[in-house]
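Novice: Quick mapping for you: the protein sequence lines, in order, are chains Y and D. Its first residue numbered 6, the first sequence is counted upward by one per residue in my numbering. Its first residue numbered 6, the second sequence is counted upward by one per residue in my numbering.
These are calculated hints, taken from the structure and not from any lab test. Treat each hint with caution, since some may be false.
The list treats identical chains as one, so a pair stands whether inside a single copy or across any two.
Here are the computed lysine to any residue pairs in the SDA-like style, where the Cα-Cα straight-line distance is at most 20 Å [stated by the list, open to error]:
(1) Lys111 x Tyr224
(2) Lys246 x Ala150
(3) Lys111 x Asp257
(4) Lys273 x Asn147
(5) Lys211 x Ala230
(6) Lys86 x Arg299
(7) Lys74 x Glu290
(8) Lys233 x Leu213
(9) Lys220 x Ala21
(10) Lys74 x Val98
(11) Lys273 x Thr214
(12) Lys211 x Leu91
(13) Lys110 x Asn241
There are 2 protein chains.
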Amino acid sequence: MIWASGWRLASAVSNAGGLGIIGSGSMYPDVLKEHIIKCKAATNKPFGVNLPLLYPNIDEHIQTIIEYKVPIVFTSAGNPKAFTSLLKQHGIVVVHVVSSSKFAKKSEEAGCDAVVAEGFEAGGHNGREETTTLVLVPAVCNAVAIPVIAAGGIATGRQMLSTMVLGAEGVQIGSRFVASNEASSHENFKTAVIHTNEGDTVLSLKQLTPVRLLKNRFYNEVKQAEEKCATPDQLNILLGKGRAKKGMFEGDVEEGELEIGQVATLIKTIQPAAAIVKEIWTDFEAALTSPLNRR
Amino acid sequence: MIWASGWRLASAVSNAGGLGIIGSGSMYPDVLKEHIIKCKAATNKPFGVNLPLLYPNIDEHIQTIIEYKVPIVFTSAGNPKAFTSLLKQHGIVVVHVVSSSKFAKKSEEAGCDAVVAEGFEAGGHNGREETTTLVLVPAVCNAVAIPVIAAGGIATGRQMLSTMVLGAEGVQIGSRFVASNEASSHENFKTAVIHTNEGDTVLSLKQLTPVRLLKNRFYNEVKQAEEKCATPDQLNILLGKGRAKKGMFEGDVEEGELEIGQVATLIKTIQPAAAIVKEIWTDFEAALTSPLNRR
C-alpha cells in the first residue's frame, strides 16, 4: 500500500470500524511522523503502521513509531526477529506478513502477536513459493498457534468469510482501498484499477523481488528484457529509481510501476473508505447468515 | 487426473457418494472403452468422463461415450462449442473446465450445463491468466448463470465450504484422490505427493502449455533451459514423449512429469477413496455448522 495509504485513508478506515494502516515504505522519516500526527488527530480509534523491514531508514521509522506510541505495527519483507522484541518492549502489538508456513513459524518464535498469511494473488511484493491464499491460510493455521490474518485476493465480504472459514481470524485488504477516495494514489491509477480485467496483473521481476503488477508499457519492457535473458543487473537498470512513485503517485500509468492484486478485476467503483468498510461488513454478515446462498 | 483416475478410482468415488470421473486423456480408445465397461460393472451410481478436447483420437472417445451412455462429460483444454451440442443431443450432461470468465461465458453460450472454474493452484494444465480460485470463482459466478464448480486448491471440507461461500455449487477435487489407494498412479508418485511441501510445485512450461508440476530433476532441466532462453521447439524436444506416463504411471519421480496441485502440501496420507470422500464431507458439514471456529 505504498503511495496509497497515508493518514487520510488509515484514519477513515479506523473511524469506519476497520484497522487503518499507514504504509510507511514510501515515506521519508519526517513524512511518516507527519502522517502519524495527522492520523492521531483524525481518529481516536486504533490504527497501525506497515513497516517494510528492508526500508533504508528503518531505525528512524522505529523511533518515530515508539515515540508517537503507534499501537500496532505490521512488519514485512524481512526477518521478524529484527525488531519484534524492541517494539513489544514498548507495548506495541507486532504482526508479521508472511507468504509461507516456514516464516509464520519464525514469526511466532520471534514473539509476534499474529501473522498475515498473504497469498500469490496479492498485489505488490510477494513470496517466491507462489502459494495461493486458499492453500496458504490452512497451511499457516496448521503451523502456528497465534492468530492468522488472511490477505491476497480479498475485496468482498464473501471473500472475507471464505478465508475465515479456512481458519483466519481476520483479513487484510489492500487493493479495494486503493480504489477509495481517501487513498493518496493518483486518480489515473485508481481509474486503471477499476478497469482491470482477469489476467491484467502478473507476478513480475522474479529475478529481483517478485512483485505483482498491472500490465502496462513498463511491464512489457520488463517482459521483453526477460525474454532476451536479461540479467538481474540489467533488470535493475531498466527498473531504475522511482518507478512505483511515477506510476501510483504521479499517475504515469504506462511508464510507472503499478502494484495491485488480482482481485482488482472485482473492483468496479472508487468509493469512500467508510462505504467500502460498510459494504464488506454487510456482505460478510449476509454470507455468514447464508453461506451457501450467494446467487 | 491422467494416469490417476481409471475405473477403480471413479467407481470408488461414485460408490462413496461423490461423482467419480474417468480421466480419458491418457487412454487409447480401447482402454477408455474397457474402463467405462468396468466402471459400470463396479457402480450403479452416476459417473463421468473427463475429455481433453485436444486429444488426438477425440472422435473415437466421443463415440465410445455416446455408445456406452456415459451420463456426464467434463470437457477441457479446447473450445466448448466443438462437441457440446452433439453430446447433449444424446442426453449427456456437459461441463466445461475454464480458467477465466471469458471462457465460462463461451461455455454457457455453447450450451454447457455447468462450468468448472479452476484456479492457478490446480495441478496439471492451467490457464495463462494465473487467476487463483479465490478470485476466479466469484468472477465466474458474476459472469454466468449456469452452476459453477470450483477447482484448484481444494483437498479438505473447509476448503470446499470456502469456495462454495464464493458462489460455487460444488467442487472438483483432483490431487487428494491421486493419494488414494484406488488411483492408478504409481506408488512412488503417491509417496512424493504426500511429502510435498509449500513451494514444491510450480507452474512450468509457460511457453508451451502452462502445467503445474512437482519440482524434480526433469523440472530443473526445464528451468535451466528456460534460463538460457530456450525456444519452444527446444523445450518440446526436452519434454519429449511420454514424460507424464514415465513419472505418474511408471514411477520415475526424477525424470518424469509429475502433475499435482499446490494443495498437495496439505495431503499427508494415502487413503481409500471412500475414506477421503467421507472425511471431506464430515469436515464440510462441521465447517458449515461452525464456519468461524476452525481452531
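Novice: Tell me the hint numbers this structure goes against, listed in increasing order.
Specialist: 1, 2, 3, 6, 7, 9, 11, 12 and 13
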